[in-house]
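S.K.: Spelled out, the chains give:
Number of protein chains: 2
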Amino acid sequence: MERIKPHTLSGFMELLPGEQALMDKITDTIRRVYGLYGFTALDTPLIESSDVLLAKGGGETEKQIYRFSKGDNDLALRFDLTVPLAKYVAMNYPKLTFPFRRYQIGKVYRGERPQRGRFREFYQADIDVIGDGSLDIMNEAEVPSIIYRVFTELGLRKFVIRVNNRKLLTGFYDMLGLSDKAGDIMRTVDKLEKIGPEKVRAILCDDFDIPGESAGKILDFMAIRGGNDHVLAELSGYTGKNATFDRGYEELKTVVTYLKDFGVPEDHFTVDLTIARGLDYYTGTVYETQMTDYPEVGSICSGGRYDDLAGYYTDRALPGVGISIGLTRLFFILSDRGLLSGELPTAPADVLILPMSERRSFAVETATALRKAGIRTQIYSEDRKFKAKMTYANRLGVPFIAILGDDEIDRRMVSLKDMRTGVQELLPIDRVVETVACAVAASGGIAPIKE
Amino acid sequence: MERIKPHTLSGFMELLPGEQALMDKITDTIRRVYGLYGFTALDTPLIESSDVLLAKGGGETEKQIYRFSKGDNDLALRFDLTVPLAKYVAMNYPKLTFPFRRYQIGKVYRGERPQRGRFREFYQADIDVIGDGSLDIMNEAEVPSIIYRVFTELGLRKFVIRVNNRKLLTGFYDMLGLSDKAGDIMRTVDKLEKIGPEKVRAILCDDFDIPGESAGKILDFMAIRGGNDHVLAELSGYTGKNATFDRGYEELKTVVTYLKDFGVPEDHFTVDLTIARGLDYYTGTVYETQMTDYPEVGSICSGGRYDDLAGYYTDRALPGVGISIGLTRLFFILSDRGLLSGELPTAPADVLILPMSERRSFAVETATALRKAGIRTQIYSEDRKFKAKMTYANRLGVPFIAILGDDEIDRRMVSLKDMRTGVQELLPIDRVVETVACAVAASGGIAPIKE
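Chains as they are written, first to last, in numbering that gives the first Met the number 0: chain A, 0 to 450; chain B, 0 to 450.
Accuracy of the hints is not assured; some may be wrong.
A pair holds if it fits inside one copy or across any two, identical chains being indistinguishable in the list.
Said to hold, decoys possible - Distance condition first, Cα-Cα at most 30 Å in a straight line; then the derived DSSO-like pairs of lysine-lysine:
| # | residue 1 | residue 2 |
| --- | --- | --- |
| 1 | Lys69 | Lys55 |
| 2 | Lys4 | Lys69 |
| 3 | Lys157 | Lys190 |
| 4 | Lys371 | Lys24 |
Derived by calculation from the structure, the hints in this document are not laboratory data.
Isolated chain A (complex conformation):
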């Protein structure tokens, strides 16, 4: 037979079992926390009709889209979870209840240039709250508070959610008479941290023809830093001159207050006037999340408030607020930086039963009792030498093995060995269940990230 060399496409993450167990633990934690906040799960197709998916225009990403035909259909793979959400909400509007809170964790596709840490197939984990005509600002604080809880439960410690408000920026540039250049300025200011204020000033003045005095005011504004109360106090000095700015200021103040109510400690969120999140889509509060020890990886979770989710499908006003975790990239970063916990059990079973006799009914009986108690159990049924069986147990990394020879079977007892301590005890089935259940419960609290 002619053989094909098996390979996985570059830019597509495919994990080994132990890594996958860690990834699943992360995904499960995100799902559980999203669920705790009363979000409903959605699952939309990976393939959509191209006219639907590209209704808004793909913009920069259009070249990256996987687009193809099947029969007469012009199809495309989704490149984010927001456009499918817009489609879903516009299409099912009469059947949904608003505010509509949904989460979705799913793969999306972008044919990016292959590069280390860049993926063509990757998971996004999104939450959005969609209002019908209006949406209370409280949601703009609850959403980042959920992200705080997600990362905290994952075991991440050193991160900060940066919060800003687009109205504040729009109003500020309006005050300076620079509304028509707001987009260029925001994109330039976004580089502040990377290239420093002098280079930003040069770009503003030279490339975008902004007067030196205005550039100075922009840099002064962006230099407002410190505790959130301090930043808000400084900002209050700019109020009273522009209605949009004032609205942005009030919104930001409200969001900061609610964030405290929602239990986000002040060292985990900061008002940062430099972040803007792209151009047209966001209209109010915006977020980015930074791992403080790894600023070079950029934002690991971003989002914000928008006024018009689905204008290209419907004339209904559907404002919302949402945030997205780039899960595959986050996993890559955590793995690459050595931040995945080595303590979290990744074995596929809590107990491995090793039958040492041809009589296997008691092995099955033991397995059945363990599984009934919710304990993940494997029976090693291959006819191999004891040493091969132990190698299997060690490679799997199971915390317990249960040895069942003729002697044990005759006495209806199990030799249970704790693989971490090496201690072996002869126990009846119910005590085996108890012992393992106890150990499993104890390891349940281990977080997948150790920072």
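Using the hints, position chain B against chain A.
M.R.: Then chain B, alone, in the frame of chain A:
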């Protein structure tokens, strides 16, 4: 703005929130049970290189495959989870531990003719055990016992796992001197239930030129029915003439014995000599699963033993046994036949908090306490009339609402209303947590299927 009519492609299942909650409950149950048996989770890309995916040749399904180019790459969407597993095992062989037990629940793609109840994107939920060179027969009984447990925990009652052995069939046709026609015969006999013995006889004789006497023997063989012990006893009459038949007979007898050990009651599995499962791939035990009240839907879960998982990638002998649930189709059938439970809570939250005051800190505090206890909680933060808030609660179907007016806030108490009984109580936060946790725990045991 020019508007596009939002739509979802035909043949792609996209559920409303309540339906999705039921689907998720089914998926979660399958995942949990697969995990209990010590299977490791895999997640492989949806896109593979066409040469890899089609190495074996797509056969009948080749026309149905979604195949396209991106840049220089000839790509295809996976059409099952077995080929990606073969690729994965061949590619990662040195890093895996054998027997390799994996489960995968994921979407696959087949461009079938659109038809009610047929899907182009659908979930498969597979388990496979792959041996390195050999694999003990015990796995061939454990795998269907897992399926028994999955369906039972889902709430399905009236189903039967039909078990047969390909060696038994191969040996039988060999005895009749019909080895070269075995494929044609199996495909014909497969229709026995649908078209009856007389039509099967006609096809065998007229289309495949099988002597009438042999056709009679085939039909006599296929007519062996009844309790498993009875069928095995009848089969023993055929032994001693053909080595392959005898091996198949011994395997079948062993599998039947182990199935009892694994706790599968006899009314849920039956030896059925008519099932064969395609042609080349399966080499030993084969399974199909039928919903006894709905025979017209065909098998809802099929699989079997194979000797060569990945011959088109590697020269290693990788025998295995696997089984697959066609999850999307199963969900469609259950929904269509009215078998999904109406009792399972599908609301996105266990408690909906309705703030009736501008002072919302206590609402957030209540929500935080509930979420800390693992209770899914939503705060309704829109500024609407009480009636609109109640409509929202009713449409969501939440079991509890917590009303927080100024009076409650001043007393640090919550008016908790049980929406099913209508009873409303004024309680402190810790008692609210207790009451709801108790109700949630009580509804935890409800199965998604009610048959």
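S.K.: Please go over all the hints and tell whether each is borne out by the structure.
M.R.: Now the hints, each set against the structure:
For a Cα distance limit of 30 Å, the shortest separation of Lys69 from Lys55 qualifies both inside one copy, at 23 Å, and across copies, at 22 Å. In this assembly of identical chains, Lys4 and Lys69 lie within 30 Å of each other by CA distance both inside one copy and across copies; the values are 27 Å within and 21 Å between. Proximity of Lys157 to Lys190 under the C-alpha cut-off of 30 Å is restricted to the intra-copy arrangement: shortest distance 22 Å within a copy versus 64 Å between copies. Proximity of Lys371 and Lys24 under a CA criterion of 30 Å is satisfied in both settings, with 22 Å inside one chain copy and 19 Å between copies.
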